[in-house]
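Assembly of the complex is requested from the two constituent chains, each provided in isolation within its own frame, with the hints serving as guidance.
If you read the protein sequences in the order shown, they are chains A and B.
Letter by letter, the first sequence follows residues 9 to 453 of the working numbering.
Letter by letter, the second sequence follows residues 355 to 513 of the working numbering.
Check the hints yourself; a few may be wrong.
To give a feel for the contact side, a few chain A residues facing chain B, derived at Cβ under 10 angstroms [said to hold, decoys possible]:
1. S89
2. V166
3. T358
Quick caveat, the hints were computed from the structure, so don't treat them as lab data.
Positions of the beta carbon are idealized from the N, C-alpha and C atoms, including for glycine.
One letter stands for each residue in the lines below.
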Amino acid sequence: MNIIYREIDIPDIRELDVYVRNGGYTALKKALGMSRADVINEVKASNLRGRGGAGFPTGVKWSFIPQDNPINYVVVNADESETGTFKDRQIMENNPHQLIEGALICAYAIKAAAVYIYIRGEYWDVGAALEKAIDDARAQNYVGDGILGSEFSCPVYVHLGAGAYICGEESALLESLEGKLGQPRVRPPFPANKGGGLYGEPTVINNVETLANVPFIIDKGAAAYKAMGTEGSTGTKIFCLSGHVEKPGNYELEFGKHTLRDLIFTYGGGMKGGRQIKGILPSGGSGPVIRVNGNDDPILDTPLTYEDLQKLGSILGSASVIIMDETVDMTWVASKVTKFFHHESCGKCTPCREGTYWLDKTIDRIMAGTAKPNDVDLIHNVANNMKGVTLCALGEFAANPILFTIKHFPEDFQAHVNGAQKPVATVAPQRGARTTTAAAAPAGD
Amino acid sequence: MLRDKYTEQIDATFAKYPTKRSAVMPLLYLAQQEYGWVNQQGIDEVAALCELDPTQVKSIAGFYTMYSEKPKGKYWIHVCTDLACALCGADEFYDSLRDYLHADADGNSEDGVFTIDPVMCLGACDKAPMMQCNFHFHENLDIEKAKALVEGWRAEEQQ
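Chain B extracted, bound-state conformation (with noise of 0.2 angstroms):
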């Protein structure tokens, strides 16, 4: 249970805000970072945590996209393929480093460890290309140094 792990957290984040309705998005993030995912367990922990009704926290989640509605790899890349990115080759970056990790339509590597999505602008637009791992920025990329990223995440997680 989230309440019962993250006790110190959850009460710092409520402190913050006047309502407890105003939790739901750093609980949602709590969640997801818990789960991996947010699945319907989170969902519900969030909800009863900011006395909200789960459909109301799943109408939250789905409009944000930086909550999974569905599992993804321990390793979730967003390639910023935007017109200034797009200028300086992003969308073959991207295109390079999706075929790289064999990810299927739904941007899951073959084994599962990796998941890459296209993103809108990530105001890293001087440092193109780029990409966020798990929200961590890595710029002024090629598709050889994204590869050596790659390969370093997949070395710890075999670790």
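Okay, chain A solo, but in the shape it has when bound (with noise of 0.2 angstroms):
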């Protein structure tokens, strides 16, 4: 089932004549014949949460908005940057007409005076070809000034971003947009309220993958979006499969149709190499990991849903799904993202910039085997004075590959804290002094 990635079944959709002889801004031309109140409450029973990672209500989102408000603005996130993540790209530059139809979609439903599109700067040829794209949807009148004969009027832009993780956050995004430090904002004011969006102004921020639903949506209404997958859970997914396995890529799934045992090896094409699967980060870097016990282990056959992987004490998030094998260190797996979330730090708030420098330290000295005996307690003590404490999740998420590496993985941990370097095969050892002080770390307490 694919209602995001066409392109499967209709190679050219990127192109716009091929997009509009397949449907391609009926919907649009739908919603803009409708009030702005049904758009949004079509979309609102259609349950679509957010594809970006944290899962919010669309509908409940584009509904903060104040209709009375002169200027708001469509901000759509694709910054598309946490580990193992790629399924906005495929869509930007597979079927981009279906991104820009559903962001004009919420921008007649909450008046915007224009539509950002916030591209990673990384995804530089991507970016290209979006605004080739947006230009020729402007001669057909899909986009620009009085679009399709309405009294709608909305510009699309694209911007690049500069290789900054923290802009995926949507106030730092909006602060980057605005010319600044990509670094987040103070909460309250919400972006959706006046004095805490773009330029002051209210603004919907919406992922990529999100505001593709949309024309799905509103074309072939709320009761047939819904009738896929759970209720929970409605539509599809794109699942990112990264890691130790035969065939990865993305793949779109409906929710609740699939476990991650077919995710793996129907879809997957199996571990590589035929060997035993160890641990799953179903959320890219932020998730908590996954233990699994080799390619049998019954927590293979969880279905994929929000709701199903939060019981298994993880999260969906955007799907970034990276599978390691049985070969791997899971603490060299901790002390890499650990490293990605030191790098990535805006250096805003003091506990996610002094904590991530510490955690990385700390378990740099660990991998090299000269771990002090109060080492797994100052990792405890750093993650303590991290929670709740910062103004974005990424303070709040950058102790996880540790701590749950401690907790589920302890004998791979264990070891390395014992003093031994290699405690099980290791097929990616660390990449040694040209990145690591290890030995020079003062101890932290």
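Right, dumping it as structure tokens:
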């Protein structure tokens, strides 16, 4: 079932004429004939949840925008930067008009003055292709002034980021778009409030995949959309599968109809080299790791939904599923992800800036086999001092990789702490002296 | 001067936003493209265009990793060594390519034509190992394919 990755059935759907021939922009036309409230209610009724990671109900988000405000904005979050996430890129490369159409329907519903697509700078070529798609749409009156003969006008602009993970956080993204450092804002006011959005105006910020779902909902109706998936997770979801599988890639699957096992062994072609599975990061670096005791573990029969992943003590998030096999040292995984957060901390909140530094230093020491007896206590101490005291979730998530590795893979962790450098076969040893100064790090207490 | 050379492009950039300040990132890319890196002249010109203090522009250039505040090679190679790629051998791939280029501690090759840096996730996890050169993707690589790309660019440079 591909309602987003329609290029699988219609290879050239990236071209405007092909998109239009296959029903493209009919949802926009339909929406322009509806009242704004009806458009929002239809999206609300679909139970569409944000696909960027947080899973917030999309229609509810739209309904927060004050209808009497003269200038509102739609910002598309295309800053896809979570480790293991590459789904939005494929949408923008292969089905860009569906994103543009979804964003314009949102813009109509909230009376937006403009749509800004904030795309990560590394997607340089994707951004250029998207600009061409917007130009094509403008030439046919789908974008710009008096769209399709209506009174609704809305330009669509592409804005390139420049290599900062934090700009995927919505308030940091707004700062960046305003030409400032990409650092989160104090909330309230929230982006939907006057004073909290782009240039201080009420703003809806939605992920690429979220908006690409909207044309289907308006065209076919909320009931048809809700017929797919489960009550808590409606529609389809794109799963980014990477790591130790034979066929990594993006797979769009109906919620609740498939399990982790289906994803890995049917779609992903099974474990690389027929090896046994050891761990899954279901939501990139941010979500808690899941322990799997080999390919027969019943945990793999968990259905793929927001609610079922939560029952496992993890999250579905943006569905960036990274698979690790039996040869992987999970402490090394934790050190990699910890390094990511240390690098990407924006530096605004002291607990995150200092905490990610100390977690990184301490796990380097542990990897190098030079851990001190109280280093595990130190990690818990640092992690506890990061919880709930930062402006955004990065500080909250940054301790997860180490804490959940200690919890779920104590044997890997303990072996390092006890001084052994290689507790299990390690396919990917630490890169070594170029990036680490483990031996020189002072004690943190 | 950027203003004279790229008047049309700069005007089109400003037209996208209600504030001049919002153009600072696209204009920094323009300065980097023109001067090879974000040098003081580029900072000063972007500041004047956006009606900002040069210090403010410099802080933006320093915050975002895709602006280089140091001279770099004409070919700027970014190798993803983040988790998903590293599970598929990206660390070893990066080390081999670095060695092949005889890169110094700053990542610059001996002939100064290349600069190589390890970077965090680039959103190509299913096509590892991979790299970008001047922000263009090269995917499903191994060291031999990467060497061939490097030699192609070297030949291009010598023409």
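Hints versus structure:
{"no.": "1", "hint": "S89", "result": "6 angstroms, holds"}
{"no.": "2", "hint": "V166", "result": "9 angstroms, holds"}
{"no.": "3", "hint": "T358", "result": "17 angstroms, violated"}
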